[in-house]
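K.L.:
The residues making up each chain are set out below.
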Amino acid sequence: MTAAAWVAAAAVLAGAAAFATGADAQSAAVGGASAVPDITGSWERVGPGALAGGQGTDTRTPPPVPPPPLKAAYLGEWRARQQAAREATAKGQPIGINWVNCLPDGMPGMMQGPFPMEILQTRDQVTIIQESFTQVRRILMNRPQKKSDEVDPTFYGHSVGRWTGDTLVVETVGIKEEVRYQNVPHSSAMRITERIRLAQPSVLWDEITIEDPETLEKPWTFTFAYRRMPNYTLLEYICEDNREYIDEKGLQRMRLGGPAPAR
Amino acid sequence: MQRGRGLLRRIIVGVVFLTVGATAVIAHHSFAVFDHSQTVTVTGTVTRFQWTNPHGFLEMDYRAADGSTKHYTIELTSINMLSRAGWTSRSVKAGETVKAMVAPLLSGEPGGLLLEVTLGDGRKLVSPVPAANTFTRTPEKELR
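Those protein sequences? They're chains A and B, same order as listed.
For the first sequence, the working numbering gives the first residue as 1, with consecutive numbering after it.
For the second sequence, the working numbering gives the first residue as 1, with consecutive numbering after it.
FYI, nobody ran anything at the bench for these hints, they're computed from the structure.
For each residue, glycine too, the CB sits at the ideal point set by N, CA and C.
Some hints could be false.
To be verified - Stretches of chain A that chain B covers, calculated by requiring three or more beta carbons in the stretch to come under 8 Å of a beta carbon on chain B:
{"id": "1", "segment": "68–75"}
{"id": "2", "segment": "93–104"}
{"id": "3", "segment": "239–246"}
My request is simple: use the sequences and hints to build the entire structure.
P.N.:
Shown next, in the form of structure tokens:
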């Protein structure tokens, strides 16, 4: 064997070893003996407020989301806004929300569904894809969290996670102030902590706690539940022809008479 | 016992209604713009069955009382919901004569929300509208 061939063979072996190490680390992180739960796959929200109408396999679905424990300075305005939205809806003139403009929920709203979501576990990242609006969030594993003023505000924020026993604990900061769940105001200091675990082999719970020293009196905690969808592949969702719009009064309207003009 | 069961059933129905009712907000937009108190029937020719998000559309021409042809725009749900309910992009075809049961727009504009459609071959397809039971079906009334 020539020297060049030896070098080539060594390179192949080294490559294979590197590949094996990577694969071992992967299996240890995802499904090995000391293993964390395998939550990879498709999931559909169940319980109160879910599109599936509470058709869960688990009768122990979590209670509905409680009202936000807003500080007095914010509570009155929030209640008035919610009341105005209910009255407008009752009149058949609903106030436009983010979805009307095809804007996604961001965090934590995307965890409420409404469509199925897919979780992908890899060694360094847990990725969650929500079918509606093709929303994607990335949870960086075993990495230090950034300070609120070190991140640029986004819809999904900066999420870091770690497994604590059978629970994936995720911390998120850096959510845009315009991205509001249930219209609840928050500051740039908002922090979301999630405890994600299998309540049953095919039932996933995400306990979400929101803290915000500026707007909240105390932490706001609620839980979303999901059932496993073993044979479901997420569908595409592109806001291709949105005929709804928000008019000058802030009300939702529908454009009639055919598809949007060719672009 | 019978009475007890009746009460239990009413409670269950009530709970299901409340739960499903709560889902009305979980959609691309509010369905409050559509009339929940009556339905109209649109029989005519499909000019386009549009398989898009955030909603699918059924564009139809129908014959008005004065003999003219008028256009009506029917909104469907997200095509993802339609897919999960068994619909495909080929479920309705352009040129087909269909009969659509629609919750009309409250604004009076010529458009509405599809509740169900009867195809040319007589098959009936139900649209997977959230909280569909909150829409009152009234006796068939042809749009003219």
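K.L.:
Now tell me, hint by hint, if it's right for this structure.
P.N.:
Comparing the hints with the structure gives:
1. 68–75: violated (count 0)
2. 93–104: holds (count 7)
3. 239–246: holds (count 6)
Going through the hint list in order, the structure does not satisfy hint 1, though it satisfies all others.
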